[in-house]
Amino acid sequence: GQNIDQPTEMTATEGAIVQINCTYQTSGFNGLFWYQQHAGEAPTFLSYNVLDGLEEKGRFSSFLSRSKGYSYLLLKELQMKDSASYLCAVIKEDYQLIWGAGTKLIIKP
Amino acid sequence: IAGITQAPTSQILAAGRRMTLRCTQDMRHNAMYWYRQDLGLGLRLIHYSNTAGTTGKGEVPDGYSVSRANTDDFPLTLASAVPSQTSVYFCASSDSDGFGGQEGYTFGSGTRLTVV
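Going down the list, the sequences are from chains E and Y. Quick note, the first sequence lines up with residues 619 to 727 if you use my numbering. Quick note, the second sequence lines up with residues 3 to 118 if you use my numbering.
Some clues are possibly wrong.
Said to hold, decoys possible - Below, simulated SDA-like cross-link-like pairs (lysine to any residue); rule was C-alpha separation at most 25 Å, straight line:
(1) LYS699(E) x ARG114(Y)
(2) LYS722(E) x ASP28(Y)
(3) LYS722(E) x ARG114(Y)
Bear in mind the hints are in silico, worked out from the structure with no lab data behind them. These figures come from a predicted structure and were not determined experimentally.
Given the sequences, and given the hints that come with them, work out the whole structure.
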């Protein structure tokens, strides 16, 4: 079968670093997205990985290992506004997306 | 402001009624998508359109229909609503076919639908 696994919920402290993991098993692979979704709002694009390695974009970085079917999103210098759900999505071989259920990140002062 | 407009924002609908969710984009994106989001599940694709005049079925198309008469509009119709269609519905678009390229999808703000 095809699936994407993410932790349901994580808690971190303001100013700290948190890593959100995503593992996947899909029919083919053409890239991976990370999206941020605040409660009651639309998902917004964070990052796209298609090659192995780390992509850095400000406080957010995303890592991909295709051989391990694994990605993570790293958030540094956490701010209260980072409290949101983080969605991992894989682009399958037919170029359709399969989405994880999302990780709810709670930031505490 | 460029983006996607969805209407209505929320709706309570009696079972058996017909309902059309509206979606309009002003970015001239070729591809458009309808997703539903339910608690504990990932976004699930209902229908998509890679370009005006064409549509395709996604993962959960039953009970829904779409049309794409022009580039900007992509309405989703529930012919006869059932309680299992209670969900948050998101319309999205991208400027390339399939996965949306390196910039991903742009999402509308969603329609919260409750079928009673």
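* Asked: Hints broken by the structure, by number, lowest first?
  -> The structure breaks only hint 2.
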